[in-house]
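*Asks:* Each chain, letter by letter, is given below.
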Amino acid sequence: MRAALRHRLGRLGRFVWSGWAGLAALALLAAVWQVGHEAYGGFILPAPLATLAAAANLLELPAAWATAFQTALRAVEGFALAAAIGAAAGLAAGYSPAALRLARPLITVLLGVPPIAWIVLAMIWFGSTDGTVITTVVVAATPLVFVGAAEGVVTRDRGLDDMARAFGASPVARLATLGLRHVSAHLFPALAVALGTAFKVAVMAELLANVGGVGGALASARANLDVEAALAWVLIAVAALIAVEYGLIHPVRAELERWRDAARPWGVRR
Amino acid sequence: MGGAPVSALSLRGVGHAYLGRTVIDRVDLAVAPGEIVALVGPSGCGKSTLVHLAAGLSLPLRGRIARGYRRHAMVFQEPRLLPWATARDNIAYPLRVAGVRRRERRGRACAAAARVALDAADLDKFPLELSGGMRQRVAIARALAVEPDFVYFDEPFTALDVALKRRMQDLVIDAARDARFGALFVTHDLMEAARIADRIAVLDARGRGIAGERPIPGAPSARSDRELFELVQHFLHDDPLFRDVQRIDERRLDDRRAA
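Chains as they are written, first to last, in our numbering: chain A, 5 to 274; chain B, 92 to 350.
Keep in mind the hints are simulated off the structure, nothing from the lab.
Each residue gets a CB set at the ideal place from its N, CA and C atoms; glycine is no exception.
Treat each hint with caution, since some may be false.
Stated by the list, open to error - Reference excerpt, derived from the structure (chain B facing chain A, CB under 7 Å, subset only):
#, residue
1, V97
2, Y109
3, A146
4, M165
5, V188
6, C201
7, E220
8, G224
9, P311
Take these sequences, add in the hints, and give me the full structure.
*Replies:* As structure tokens, this is what we get:
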């Protein structure tokens, strides 16, 4: 028990320690940004520190929090719908080769249509409402989740399935103990990408449909030629995404992939 | 529900085909309770298919299979362990499927691990961290954990080197003696068959029924290496039943099938 706890603390420590590398990368980005600022001036590209200060100022206003929350809520609603539909359809298609063969070209078509075209359609159908944003997010994110889930089912180890059957496992038990466990390894990266897509598409849809949120704030910053505010909003959106990705998705994935890490020698772990 | 069946396993007129090509046909075989029967035959003659049919992993096209045992287990050629679960959880997997409580599962998994001489320290490792022999040990422990009275072995030690193979065979011999399970042991290694089994059944080179059977005298644990060596030499050189067993390779067999 104590060994397990120590092991877990060690992994947590390594995870936090790896944050230095991320900080170093961000500092490099800030340095390049600063060079751009000094070359082109504060009107074209405000300094990183000034942008940070602008973002901090924004976040002192309750209205700004409400705006960010509105966008986050739309993105997460769309993402949840996309995850549910994509995972269910992907599982079904993975287990039924005929359905998968039918679904593949449809996915290509869906992914081929640019999100901007969906925004236009959704605006015609739903007007300037939440529905426009959520529909666009669902359409953009569902195929990613679907492909992840279907891929997971298709690449499952049939030998393990036979083994479980030899020990008398029912189809439901096999799905619960083998199928879902294997699919989750493929599904989680897909969900991470889908979540990122959901935030980006939500902001874009808000900007074009003029329905408030971070996209709406960006639109007004553009109208006022307020580059500092625009960059501050981008910073806030990216920060929110990073928080979700490293706070939720990475820990869960690390837990699922613990066995892969186990065989790696010291020094190669990351 | 009639009286208790005489055989732990009985196959009558069993036949199977893949995509219209007959793989095995007219196989009759009976295994008594507590008896270990080795099924030998050249590669590609349908031994694996037969053991999969017997274990219920696929349904036979023809014939009847009667299972008189209480609970079976299976050891495959590859260990077939869940890569994401520790050795302990792998051993306990069939118990989990059977709905055994977590605490009891743990105890029974440890007991099964002890019977195949797995170190307690190795039980918390993942399959990736274990050597090939250790993985197969875990697979055997997994089979023993369900306390079966019949075990199917599908060429379990083919991928191991000679020394490791012998230790695994001793493990199976000891476990069978202590737990008194019957077994159908598929192999193409006559020496392995002679060490482990009470009886050797030879599958016809083209899967057309059982070509013949030979009993092995004495209890498996009491046979000396010298006796076994002489017996296998006798089988290979003087007994026409074993003429094909170690000679035919898969390609030539396919040619013969196509002809």
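*Asks:* Of the hints given before, which are not true for this structure?
*Replies:* Numbers 1, 2, 6, 8, 9, in rising order.
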